[in-house]
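A.B. asks: Given next are the chains, with one letter for each unit.
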Amino acid sequence: MSVVEVKNLKKYFRVHKKEPGLIGSVKSLVSWRYEEVKAVDAISFNIEEGELVGFIGPNGAGKTTTLKCLSGLLYPTAGFISVLGFLPHQRKPEFLRQISLVMGQKNQLWWDLPPLETFQLNKEIYEIPEEKYKETLSELVALLEVGDILKVQVRKLSLGQRMKCELIAALLHSPKVLFLDEPTIGLDVVAQKKMRDFIKEYNRRYKATILLTSHYMGDVKELCRRVLIIDKGKLVFDGRLSEITQKYADHKLISVILAQEVEEKVIKNLGEIKEFSFPKLVYFVKREEVSKIAAKVLENLPVADLNIEEPPIEDIIRELFTGKNYA
Amino acid sequence: MLKYLTLAKITFEEYLVYRLNFVLWRFRSFVSFLTLFFFWLAIYGSRSEFLGYQKSQMLAYVMGIAMLRSIVLGSRSVDLGGQIRSGELTKIVLRPLGIFSFWFSRDLVDKLLNIFFTFLELAIVLAIFKFPFWFPTRLETYIIFAFMVILATFLYFFLSFVISVLAFWTEEIWATRWLFGVIFLEFFAGAFFPIDVLPSWLQKIIYLTPFPYLVFYPLKIWLEQISGAEAVKAILICFGWLLLFWWLAKNLWQRGVKNYGAYGG
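Heads up: the sequence lines are chains A and B, in that order. Just so we're aligned, residue 1 is where the first sequence starts under our numbering, counting upward by one. Just so we're aligned, residue 1 is where the second sequence starts under our numbering, counting upward by one.
For the record, the hints were derived by calculation from the structure and aren't laboratory data. There may be inaccurate statements among the hints.
Computed, partial: chain B to chain A, Cβ under 7 Å [claimed, not checked]: (1) Met1; (2) Thr11; (3) Ile92; (4) Leu94; (5) Arg177.
The calculated lysine-lysine pairs, modelled on DSS-like cross-linking and capped at a C-alpha distance of 27 Å, are [as the list claims (entries may be wrong)]: (6) Lys91(B) - Lys207(A); (7) Lys258(B) - Lys18(A); (8) Lys134(A) - Lys9(B).
Even glycine gets a Cβ: it sits at the ideal position worked out from N, Cα and C.
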């Protein structure tokens, strides 16, 4: 049985529309206009135990809403969700004890107290035995290298330090399923890397099932073998990251290092140029024409080096989201 | 159980962080008590009885108000409304915690702290003015009073909870809070003056609401101004209100949380 099962999940919000300005405000007192927003519109997927799945999509695509439905925070409009065999929105204590939701933009620690206080409260809330608590805590603290800040007030911590503590607070009860919403948002490159390494290690060590959303392709590329791409509430891709390239990229890149300067006219004649600054030259070519153009390039230009590459995943996904068909 | 104790401990630590805030709050309460106290002192002047209250009874009533404000009306669940609006509620909803127990543990800390300081303040006032404080003559009065106060405490808890939970549906909560907190509570509950000094038509209306059971009736019991039968009646009615508001709080919470947008993020 899958750990997470989602069938035809829909979550619609009724949003109150108000025209701007004072007149609009007065009008809205009399007539309430609602608009239905389809935040999540009939998506289905399954996640197996121990999988680390990335959830990507532009702002407002419905990633967070899906995560909130899965963790039981939101009540789905329609469809079926099962997590660990529970219906999340019932929020049974046995269910809540086995999951955790971490939101990058939300603070779950007690703001005015040191993180250690939150940890101790969570220990009691989740009824973690003393031995187990000490063991898990020291392990997590060592992994995230936060030993020196546990007694500092949360509001005095930096964002990166706080996020690490958020994670510890969320992991003390060793959840079987972990939902991470933008865990690296706002972090600098070094802290992002740390966070990624930790998530990867945590998944490996504890066989925890992790579903993570992120804007940063880096997160997903490094962490997840499988990705779900969601846009405007619809699931547009579910599979391995490497398949995206094959499925959606109808172009390849031929990048050439020139041995000596060549007249630009000659270069232009060979194909569509994506980038040119001597000695580096990149052609953007249709898949089926790759070998033909590569041969021509080799023949007509003083080539020092030549590579045929897939376009970067970021580009493909950007194209995906800017109005191309997903078919 | 242990989790709620730890929660209470953390709440207490929060108060220690916001020491100044708490001191100012106590100062405000103390000043409003003194105002009321001197107001009645001036009205009585050399009279020993007025509006059916002996001077010592009225002063005991005023001190009783200060005490019951701490015991019955001391509360943290006001914050719940704000948490609903800001989405901070998430951190409670996704934990294996009972929502009533969560807020009641926090309320309890608020109450205990306030009770402690109110005791000190009242002791100081009594020591300075050296007037006779009214103590009940019968032993059973203490028991009935204690019982009534416990009921009133829970009644207020659920009442306040219901108001906070309205934040699931209303755009803002301060108007309802204000109306409820100032107009009804202070006035209808008898937290300014005893209700039976008002014109009788207004009294009749007020007795139909749950508010007099919070402050007025407990103090009437303490002053032994109502008969045993009336006290029992008051307790039963208070219990009825308690059940109603408990039911309302529970149901509104369940509906509201279904409606909850978990805003932000």
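A.B. asks: Which earlier hints turn out false for this structure, listed by number in ascending order?
C.D. replies: When the structure is compared with the hints, numbers 1, 2, 3, 5 turn out to be violated.
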